[in-house]
Structures are given as structure tokens and as C-alpha cells.
Amino acid sequence: MDLKEWFASRQKRKELQENIKLPLTTEDYCALWTQCFQCRELLYTKDLRANLQVCPKCQYHFRVGALDRIDQIADPGSFVELDAEMTSADPLNFFDTEAYAKRQKEACRKSGLKEAVLTGICAIDSQPVALGAMDFGHFGGSMGSVVGEKVTRLAEEATNNKIPLIVVSSSGGARMQEGILSLMQMAKTSSALKSYHEAGGLYISILAEPTFGGVTASFAMLGDLVIAEPGARIGFAGRRVIEQTIRQKLPADFQTAEYLLKHGQVDMVVERARLKEVLSRLVSFHDVNQAGKNAADANGAGENNRNGAVKSEQLAK
Amino acid sequence: MDLKEWFASRQKRKELQENIKLPLTTEDYCALWTQCFQCRELLYTKDLRANLQVCPKCQYHFRVGALDRIDQIADPGSFVELDAEMTSADPLNFFDTEAYAKRQKEACRKSGLKEAVLTGICAIDSQPVALGAMDFGHFGGSMGSVVGEKVTRLAEEATNNKIPLIVVSSSGGARMQEGILSLMQMAKTSSALKSYHEAGGLYISILAEPTFGGVTASFAMLGDLVIAEPGARIGFAGRRVIEQTIRQKLPADFQTAEYLLKHGQVDMVVERARLKEVLSRLVSFHDVNQAGKNAADANGAGENNRNGAVKSEQLAK
Amino acid sequence: MASTEKKIVPLEFEQPLAVLAQQIEALERQLGDNPDLEGDIDRLQEQYNLLKKSLYVNLRPIDHLAIARHSQRPYSRDYFSLWDPQFMELHGDRKGADDAAMVGGLLNLGGINMVAVGTQKGRSIKEKQACNFGMPQPEGYRKALRLFKHADKYGLPILTLIDTPGAYPGLSAEEHNQAQAIAENLFELAGLRVPVVAVVTGEGGSGGALAIGVANRILMLEHSVYSVISPEGCASILWRSNDKVPDACQAMKMTAREILQLGVIDEVIDEPLGGAHHDHQLAARNLGEAIVRQMKSLLKMSKDEIRIDRQSKFRAFGAFAEN
Amino acid sequence: MASTEKKIVPLEFEQPLAVLAQQIEALERQLGDNPDLEGDIDRLQEQYNLLKKSLYVNLRPIDHLAIARHSQRPYSRDYFSLWDPQFMELHGDRKGADDAAMVGGLLNLGGINMVAVGTQKGRSIKEKQACNFGMPQPEGYRKALRLFKHADKYGLPILTLIDTPGAYPGLSAEEHNQAQAIAENLFELAGLRVPVVAVVTGEGGSGGALAIGVANRILMLEHSVYSVISPEGCASILWRSNDKVPDACQAMKMTAREILQLGVIDEVIDEPLGGAHHDHQLAARNLGEAIVRQMKSLLKMSKDEIRIDRQSKFRAFGAFAEN
Ligand SMILES: [Zn+2]
Ligand SMILES: [Zn+2]
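Chains as they are written, first to last, in the numbering used here: chain E, 1 to 317; chain C, 318 to 634; chain S, 635 to 957; chain G, 958 to 1280.
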């Protein structure tokens, strides 16, 4: 599907029209100075943001909010949000030391977001993609019904429009306050990805600091390609739980992106500065309209690779 | 396909008629007494054979030749051999300290067989199956072009007749004297099994003492179900080669059937006395005509399981 | 019956009952010397029966949890062999491990050939250790997946029994990508074209339970529990206190009846009074009948319908508001 | 050219050539003092060129083996980066390991997007150890399989480069079912519906080579070898002697031209004089052109034709008599 077509068809959809939020801006919660978690350098917050939240001294990758993440990946002005108004219910009437309803309000106030994931359609170097970005700053990026539903709908949107799907995960896991329903979101999102997979889709999962629990054990680990950000901590069980269970000290790099790469769990670790470029090339390399089709349709190699942006210069030399 | 039908259709095939070898008898090469490899007990050879070549004292499973193996598995008189006359060529004109051609003759004389595998169609508790049995006594059970071709044809026969396939492996690996062509038999047999698999076939691979190298790394490890005989040594590389490479002593049970079971490589270890019964039940449990079909065709559970010989008695109590 | 019952280890909330039982026993011992005691015994026995009934109808969530975790509760292997003495176990993931915490094989239940898979806790100390207390490793989930695919190939319906505290939080489990193993099962189960019936028979612990729980029909035994996190984990995170486990049990709505009310499962199966551990045979018969009933109705659907049925079921889970 | 050549470590059979080169060099050093030497130098140079040409047209099988194993020979990673400086490597089997002896990723060669997979030997001691001297473990074959399936999904053709002594004969390799890993690759490669081109670039060692070698078109570099067992293994088993390696090389017919004659491969690709290690750029260009040519012709077939083409090719291998 052509990006222009998509934008045209979108115009007809009333509920989407109401939700257009362009351009993306948000009040920053950071103060004037930020100290680097890793090298302890004091950084001017504005410079840090300009450097994609990467410490210029030690390359420590700070967490990125969903809005900033989208800005870093999507072509400027191209992101059109889906399901922007979806909010959590409280199916269990959950109360621990505080009511879930109250905690939800508090989370929204702190993050400036309605939920822990933003989803939408955008362009990457003019190639249309379905993009989701989680925000750890909202309720620890936990997956309740809304995260599950929005990711599921995004996968369905990608299936219907035959466009690549990219989700940036950053989450502490399932949202306990929604009980068994939050667990079921793991199966719901995975099921939607299964249908997307069989339709020949390309799903690139990006694992950002931190990704754990039910999110890792569902859509985050189901990418056709899986990319991790440098230094990001990624796993199923938390480090402390494991240490308590096995009564053994864990290696220092345990559950880091680099550890996962060494243990064959991610395709690549990509520094944030190169992320958009890599995504763009991966998207252009895989023709999602080709997948499942007969190779004979392509009438030879050139045609078969008409989406290929990467050209071998070496061979021509 | 019904067994009777198969036998009827077989009658029309001239080349098969010529090759009928019923009933199976062979001159035994063993002397009057045999000493058990494991417990050192001196056993009366005739008794040992009557006990399926299993030591009555320590249950050591002696190697079984292809003819005896077929007798142990097939319903009496039901085995009809395929490709009985196929013999090795000498494509490389191979000569080491002796010509391959001469070694082949010697192997035939010693084993009384034309090649290291016998293949055919038989019945197991009246259920038709394609059955292959390797003979380690012939050229170390090595796989050259004939073994590859006969196993491939057997898989094709099973595919065409929609019947289960059972192969008992016992081999030192590929036959060096046929060079690269013997290596290619691994791919040829695996490719035939891929087609059989996609046609919904049931392939039960039985690993007998010893199974190594190119046979293990092709058809022997590709069973839908994999059964090993107790104590059988099974692996890819030989124990000595590994010890020389890693300069480390290997565990005593390394590469035994029980070791493979512990390491998740085989579905079950089945003693020879129960092998036929287990095969019969596995064949009856899986409806190869059902595989790939729509469940709705079955009109309910009873029909869906009309081949099921195993009935739950407990539930009726 | 009474003699079987006596061997059963009472739970904490069953103490009043145990005390009464002891009193009855004491009186019975004196009965020979003093026949007048018979009336007292009868009265106590009546009291015992009343208490027993009222006790088991007013169970708190934490009591269900205790029953679900009772070490004499029937485990997957018990059910399989009670249903089918000829159950043929299939081992291994084909790639290096045979996880004893995940049992699977070929089962004939009520005349239906099926592939059965279940988590396994183990009863003796040795068994428990071998089974890692019912906590599978990635290799266990991959073994289950291999069996699911086997079933799909031959059109065999799938039964899963769930009784696990969860996937094992260990070093090699993380190294071998526990998360991916679970996710892949969710993904592949969604696409199967054979009927899947899942039963929570004891503890349904989080993602480690769900990894064999993406089914067309989900049943729970009366005293079983199913939750997104262990109550201990929930209490420690939300209340920062290990004393608040009963509150966590309450808050999470993890009992069979509550989960039924939330619409996540299809049926609650009654257990023998006091719990399945009081009568394995009866528990197996009740559960077996329910499974066969569900399987029979599912086997009427076409392969496509089966898959759509399962995917639609999970598609609907969730509670949210749109503007 | 001469200066590049000098850095190259000569092989044993190249010693006469090396001696001549040293003599020429010595005379050249004296040339300033004694201009009369120029004629001698020219004569020696001519002799050198003649010897070089005759040497490389009369290579024994063992000489090809030596060239195939030359530590300066280009490896998979060299070819990938020479062909496509933007080659995107994809790591891991997703289940616990990233075998460095098996390299794979997304390659654009001659304008064709493809998935490329190759064994990798490593050049420095450290690299060699990391790459296990080019001997993959089961995890390496499973990583390759993952990439093959990725290619199949997106209709991307597959290129494999083979240069391995074989699969690693180790303890954990056996534990993790090396045999099954290889067998599964043979099985799955047979079923792929995208073009597969395999090239033996160095050593084609047994099942460990074949596991990425079930292709529609199989090419071999001029000095590469391909055999069912290593010549050392063959000599030790059949001759019971390590001195008989040259005889084993001869007997097994393992050189590119011999394998072509046996009908197992489709094409032999010329190498720069003396072997690919003398000119990586030229070797890569020649090979790249051959691959692109083969790929283009394969891409004209339908997906079904591609699969049938591959399966038919392997179906035909074998030499036997029927009665
Ligand atoms: Zn820093
Ligand atoms: Zn014995």
C-alpha cells in the first residue's frame, strides 16, 4: 500500500481524524541538568535530548519516552496516532494500598500520556510502517488491557495494509492490577502476530531499557527481526528474583543487550544514532508484498528486488 | 490403503514378483555358544536367538541382522522385499589397500546380503507399513548409493501408498569408498522424507546398536517418533574422535540410548521384547490418512479415532 | 473412605476439622470400655460433617491456594495414568534436554486419541527436585511445542494440564531465552488447527502457565487458581510485605469461580469434598468426563473453525474504554 | 602485485618458486653495484613465470587441499563485505547461542537482495578460536536454519558459502544433537521454495558442509575440495596410517574438477593464479559474477519449480546396479 493512499483512506475515517496529533510536542519533565547513570557526568538536559538521550561521553543510552521515540524514528510530521483515546478500565476493582483507579490518574499526570504505549502509522524514509512505542514512564510500561489491545490493533492494521510493523518495547511486564486479564494480553498480542506472520508481514521488534516479564514473553520476542539498544536490560524474570531463587551471583552483564546478543537472542544491537537508518534499510530489504507470492511473478532478479535500496557498489568496480 | 489391496496391486508388478523371498530364513553365522558382551555369561546361541538376541541374564541387547529384525517386527510371512537385486557400483574405482569391488564381494559373502539395508512392505498386527532394516554385519552398515536409493524408494513407496514408514538404523556412517556420492545420500534420503512428511506420513525411526555419522545425521534422526534400543550407542562423531579433539574423558554412558533419552533426543527407549507391540500401537494411534485432512470430515470424535486401538478402560469404571 | 482420608495431611484452615476428627478417634478408642460414648461420638460426627460442609463452601482465596498446592493433589502424570494405563510418554525437545517438569505423550481418553501435555510437580523430595517443583525451563516449553506440532500434523486434539508455580527463574533459563520459548508457544498455539482443551488442575502461575494454556476451552478445577503473578510476588511488590499474601489472593481474583466470572474460562469442574487429593479416582473421572464432553463438541468443527474459535476467544479478552 | 604476493605465506609445494623468488630478490639488491646482473634477473624471472604456470596446472589433490586450507584464503566474511559493504549481519539461533563459526545476514549482490550464510574460520589466533576453526556446533546449524526460513518467508534467494573441516566433534555438540541439527537442515533445505546457490570456497567437510549445501546450484572454487570424510580421517581408517593422506586425497576424488566430473556440482570457478588468497578482490569479483548469473537464471522459475529442481537434483545422485 502506498503511503499516499493510506493517508487518503485515513481521511475518511472519522475516529482517526479526531485523533490527529501533529506535530508531536510534549512538555519535558527533565530539569536543566541530568547526571549520567553510568559515567556520572553532569549533562545539560537540552544537549542530552538533542543527542537522542545518549550520553555523549560514555554512550549510555538513557530511557526514551514514547513521544521522543516516535520523533526519532518517524519522518517528521508523518506519525498519525491510532486509538489515542483508549483508556484503562478497572475490571477487578483492584485495591492494594491504593485504588488502581487512583494510580492510573497519577500515572497519566506523571507521564502526560493516557497509556503505556503509543501506536500509529508513519513513514520511515517515505516507507509506510505501523509503529508502536512503549513508555516506561507510564505505570512502568506495564501491559494491561489497553497496551494489549492497542498492540493487537496495530498488528491488525499492519496486516490489513500489508505494511511492516515496528514495536519499541520498554516495560516491567504485565499489569498486576488487571489480574488474569493482563496475562491474557500476552496471548492476544501473540495471536495477532501469528496472523500477521502468516500474511507475510515483517515485524521488527526493538528492545529498549528495560524490557521484562509478560512483554518480553510475548510480542517483544516475536520479531522476525529483533534489535536491542546498547546496554538495555532485557529478560523474563527479574535479576533479583533469579538471585534469590538460585542463591548465586549473576554475571555483571547478565540480561544486557550485549549478553543477549552473545546468547543468540537478538539479531543485532544497534546504537540509537543509527536506529532509524537500520530500520529504513531493513524495511526496504524485505518486500512484504512479495512474501507468500510466487517468485515467477517477479520476472527476474531486478524486478524481484525492486524495493531493494541497497546496491552493491563493490561488484561494479 | 488396505493391505489386501496392496498385495493385489503388487501381483501386477513383475519386478516385485521375481523378488519374493518368503519365508525369510538364513544360515546363521553364530557358533553354538555366544558369550555376553556385557555380563560375560556363556549363552546357548539358539536360546539367545529365541530370546530376540537379548541376554536373558543382563538384558544386553545384541546386534540383530536385517533378516532377524524383520522377523521380529513383521507379521509372519507378510514381508515382501523391494529392490532386492540392487547392488553397488564403484563410481570412483576406489582402491585403498584393496579394491572396493573386492571388499564388496567379501561383505556379501560374510553377511549373506546384497547390501546393508533390506526394505519392503509388511504388516504389523495386520496394519500395512513400509519397513527398512539395516544390517551392521554388511560393510559396517555403511551408507553408499544403494542404501540411499533403497531408503529413498521406501519413503516414496510409503508416500504413494499412504502407509507408515519404519526404518531400523544400524550403521557406522557413510561409505567412504563411494566418496562424495555417499555424502549426497544424506540429502537424497532427507529430501524424500520431507516430501513424505508433507504428505502427512508417519515415520518411526528406530536406532539400534550402533548408529553413527551420516546415517544418524540424515534419516535416522528425522523420525516423527524416534525410538532407541536399550544400550544402543548412537551419535554423530565417534567417541574416540571426540576424545582426541576435546582431550577430555567422556562420561561412561555417553552416546548410549539412555543418555540420548536424558538429553531429549529420542522419544522413548524400548526393550526389544516390547518393540513390535509399541510399533503396532503407535501405528494404530496415528491415522496417516487423517493427517492433512479436515477434522470436520471425521464426523465427531469416534470417527476421528476409528483407527485407535487403545481404549481407556479406567474412565468406564 | 475414612481410612483414606486419615492419611491426608490437613491444611492450616482445616485444623478445626482435624481437631474434631482427633476427638472422635479418641472417643472411639474408649468405646469398648464405655459403650455410653456412642451418642457423643454420633453428635461429634454430625458436627464434623456440618463443619466440613460449611468450611468448604466458605473458603477464602488463600484456602483455595492452599488446596491447589496440596502435595497430595493429583498431578498430570496421575491423571494420565488413571485415564489411560497405556499412556505412551514421549520425551525430549530433540535438541538437548528432556524437561521433567513438562510431561507429554499419547493419551486415549474416553475413546479419543489425543496428545496430552502437562506440567509435573513430583511428590517425593527426589521427584520434586527432578521436576524442579513443577517449574519448566525453556526446554520444557519447546518439548511441549514439539508435541503440539505433532498433534497438529496428525489431526490429534490436544489436552493440556496446568499446575505450575510458573516458569523457572534461573540463570540458564534466561540464557536459553525463556521469554522467547513462552512467546513462541503462545504464537504457535494460536495457529493450531486441532482442538485444544486446557485445564488448570492446581496452580496456574503466570506466563509459565499460559504457555500451554492458549486453548479453545479452558477449564479450572474447583480449588485451582490462576493468576498473572504469584500471590507472594504480588504482595511483595504492591504491599512490600510477605504478610499480605491473603490480601493479594483476594485482590487478584484468582480463584476458579472468579476467573469464570471474568469470562476467561469456560467451566469450573467440581472436586471431591475437601479437594481432589481426597479422591484421585473420582477427581480423574469427573475431569475426564468434562474433557471428553468438550472435545466431542470441538471435534464437530472444521479445522479452520477450530483455529478461528481459539483466536476469537483470546481476541476478546480485555477491559478498556474508548473515549 | 609483486609486493602483495610477497606477503603471502608459501605452501610446501610452492617451495621451488619461493627459492627462485629469493634469488631474484638477492640479485635485485646487488643491482646497484653491478648493473650487469639485469640479464640474469630477467632470465630468472622468466624461469619463475614458467615454473609458476606449470606448477599450478599440475597440482596434485593434496596441493589443492593445501591451497583450500591456506590461512590467507578469503573467508565468508571477506566475500560478504567485498560484495556488499553494507552487509547486515543477523545473529543467533534465538535459543541460547550465536555460533561464530556460522555467519549469516542480509546481502545485496549485484543488485539482488538475498540471505547469505557461510561457515567462518577466522584468521588471527583469537578469531580462529572464537570461530572454532570453522567447525560449527548444532547451534550454528540451527542459526542457519532460522535464516533459511526467514529467506523462504520473504522470497529472498539464499547463498551459502562452505569452508569448514566439518561439524565440531565435541561433547556438548553431541549433547545438543549435532546429528539432528544437520539432518533437519537437509530436510528443510529440500523443501524451500526460494533459489539456493551453494559455493564450496575452501574445505567442504562432510555432513557439516552438506548441512548448508542442499542447493539448486552448487559451485566450487578451482582449488576447493569437497569430501565425505576428511582425508586424514580416511587415511587413518582405511590405511591405518597418517602418512597416507595424499593417497586418501587421490582416492576420494575430492577436487573441484573431479566432483564436477562426478556430476555433483554445476560449475568450477577459476581462481587467481596460485589461489584466491593471492587476490581477494579478483576472487570475489569472479565468484560474485558467477553467483549473480546463476541466481538470475533461477529467479526465472516459479517457487514450485525451484523446489522440484532442487529435489530432483539430489534425487538423481548415486551409482548402483539393478540386477
Ligand atoms: Zn555517561
Ligand atoms: Zn548378559
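Treat the hints loosely; a few may be bogus.
Result set (BS3-like, lysine-lysine): computed pairs, CA atoms no more than 27 Å apart in a straight line [stated by the list, open to error]: (1) S/LYS937 x G/LYS1083; (2) C/LYS579 x S/LYS878; (3) S/LYS783 x G/LYS1106; (4) S/LYS937 x E/LYS105; (5) C/LYS579 x S/LYS937; (6) G/LYS1257 x E/LYS262; (7) G/LYS1083 x C/LYS566; (8) C/LYS479 x S/LYS686; (9) S/LYS787 x S/LYS937; (10) E/LYS276 x E/LYS262; (11) G/LYS1009 x S/LYS783; (12) C/LYS593 x S/LYS878; (13) G/LYS1110 x E/LYS110; (14) E/LYS162 x G/LYS1110; (15) G/LYS1106 x G/LYS1010.
These are computed hints drawn from the structure, not numbers from a lab. Values in this document were obtained by computation on a predicted structure and should not be read as measured data.
Looking back at the numbered hints, which does the structure fail to meet, lowest number first? 1, 2, 4, 5, 6, 8, 11, 12, 13, 15
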